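Chemist: Residue strings, one per chain:
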Amino acid sequence: MSASTGEVGLDGRPLESGPRGTLGPGGPPGGRESGAAYGWVWRGSLASLLGLLALGTEVWGGGSRLGAVGLIWLSLAGLPSAGSVLGRGGRSAGNGSPFIRGHRVGSMAALGSLGLALPPLAVAAILDRKAGMAWGEVLQQGLSILLFTVVLAGAAARAERAWHGGVRGLHAALWWLLLPGLPLLRFALDDAARPGRVALGPVVPWTSERSPLSWVHRMFLQPAGEGAFEFGWSGLPWGPAAWVGLVLLATAWDRG
Amino acid sequence: MRKHFLRAGLVLWILGAWGPTGTTAPQPTAPATQDAGADRIHTLDVELVGPLEAIRVPGEVASWTELTLPLAPGERRRLRVPVVTRSGGAGAVPEVQVLPKDGGGSCAQARWVEGQVSRDSWPVGLRIRPVPGVESPSPRASLGVLTLILLGGIACLSLRRRPIGVVVVGLIGAGLGAERAWQGGRGTEEVLVHEGDGGAWSRVRVASRRLELAPGEPAHLSTRPPDASLRIHGAFPAGGGAVAEPHWTVVGPVGCSLISQRRWDPGPLVLEPGRNAWGDLEECFLRGGDGQWTAHGSWPLGSPLPAPVEGGQGVAPPGGMNPALPLGRSVFLGRLRGGSELRPEGDELPRGDRRSWVRWVGFGP
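Protein chains in written order, with numbering that gives the first Met the number 0: chain A, 0 to 255; chain B, 0 to 364.
Bear in mind the hints are in silico, worked out from the structure with no lab data behind them. Quick caveat: nothing in here was measured; it's all calculated off a predicted structure. Warning: the hint list may mix true and false statements.
To be verified - Now the in silico label distances, taken between C-beta atoms and shown as ranges:
1) A/248 - B/107: 56 to 62 Å
2) B/265 - A/201: 29 to 35 Å
3) A/252 - B/153: 33 to 39 Å
4) A/184 - B/143: 41 to 47 Å
5) B/72 - A/201: 29 to 35 Å
6) A/252 - B/171: 34 to 40 Å
7) A/238 - B/300: 51 to 57 Å
Beta carbons: idealized from backbone N, C-alpha and C, even for Gly.
If we strip away everything but chain A, and leave its shape as in the complex, we get:
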């Protein structure tokens, strides 16, 4: 069912394609290998298409375009795999000698996401600049989004390709908790219910404010040029950077 594509992977071994008519993960071992290696393609393609909508629509609430594109990319780039591509035997039942090691998959996904995310983020940054956002703010926020996208994409690819199922589980759990989980929990407890009715305590607000999605969502809702994000050392998104780092660390102990 699988056949050599005639191309060579990063470790010099021939790449294999899935069966005719199948795309990405889910096929037999050869197809799974390709799918695991190129999971970023699916996420990046969807993010790019949604990014086109965010950049080209006339109806707009005055929010930052950089924030909109960033929200899309940060939501998608690091999305954990819905199932375990290799956990059902991709590595053990397949050819047994993975053609790309985990860290190489991570680098590949990171570079691929970087290439895909660069054009929409650059255009969004220019549009925000034209709407009044200062150059320093544009560069600071744009580069931060780009860095987070690259790191999250690399971490997701590493987790997909992880030798241990625990790595995948830990990555998925941390991603869910630190990116959408805590902000959604806060929204459910504080905003959806009557504000102030539920005692949140200090932990949920503190942790949810540092979510990269909370950070970019605030940017998304903030009209460009309002100076909501201070330029300089103190204005850098240190909290979101820490959370992104934790998600990456979750994949660090894999042996691949």
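Got chain A; can you put chain B on it based on the hints?
Modeler: Positioned in the frame of chain A, the structure of chain B alone reads:
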């Protein structure tokens, strides 16, 4: 494949849950009469005691003023803060919130600045002129730019097995897309009108959504719509030190026009039929007492008013600048080259449409 649909659904759900609560289509604002709106801001005199990081002053119509001002413990600072209020100095003094709330800092004193001159004392002619409409800046990517991004994405995907190639294509796509987006469309728009009525002058600045208040003399600020919710951000100029006065930027919602007016003395600037000691005018129009407009083309600095251009009889100026006065008074209208003098000194104006006009009712001998 089902897995990917699951992922897509998940992402859409996340985006839906996090999406904006509502959007407004940007629309060009209609020309407005300067006198139609009341002053929206009044100045508060505050004395702050550190330690504190910032202050926030709530205003009317869900507006607020915010200033980042790090003060050391025990340090005192006195400032003038613009606050959104219609009642001027007659209303209650708003609470000055010190941030962080429990940090030990406080506001020792807050009171309205007295003696602010109302526009009611201005000559009527300066108050009733229409100001030009400005377009709300909500730049979006053109079809060409979107196509470029799409093609770049397809090229990246076709090179997916060569990550360095993807990055190179991405960099090229980013450069081209940014260049095209920079060149196309309109950005932040601001119009400056030097308004003359006989010997009295004012400077009127009209901006869409965002306007920097000039430091020093307080300006009269009105908005279209008149009850727009405003946010005022203060920032200290770089290198200004502790004694510098903050620069204030007013930001309104999409579709909002901000109109700032102040009395102004043209000083050595002179504009007479025989002499232009004002500036290079790209185009100018003259209306005689009979109400007929005449286009005179460009009027270079230092030269007399040029003769009407061929076919210039009856050519009216842009509608937003036409004062529509009754017959009997001559009106001069000129557009300055390069839209100079649009911003407070030293501030950079984002790329966009810049227009600067001189409108003088009672021009000529």
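Chemist: Hint by hint, say whether it matches the structure.
Modeler: Against the structure, the hints come out as follows:
1. Distance hint check: the CB atoms of residue 248 of chain A and residue 107 of chain B are about 48 Å apart, inconsistent with the given range 56 to 62 Å.
2. For residue 265 of chain B and residue 201 of chain A, the hinted distance range of 29 to 35 Å is not satisfied, since their beta carbons lie about 58 Å from each other.
3. A hinted range of 33 to 39 Å for the beta carbons of residue 252 of chain A and residue 153 of chain B is consistent with their spacing of about 37 Å.
4. For the hinted restraint 41 to 47 Å between residue 184 of chain A and residue 143 of chain B, the CB-CB distance of approximately 43 Å keeps it satisfied.
5. Range check, residue 72 of chain B to residue 201 of chain A: Cβ separation about 24 Å, and the 29 to 35 Å hint is violated.
6. Between residue 252 of chain A and residue 171 of chain B, the C-beta spacing of about 37 Å keeps the proposed range 34 to 40 Å intact.
7. Evaluation of the 51 to 57 Å hint for residue 238 of chain A and residue 300 of chain B yields a pass: the beta carbon distance comes to about 55 Å.
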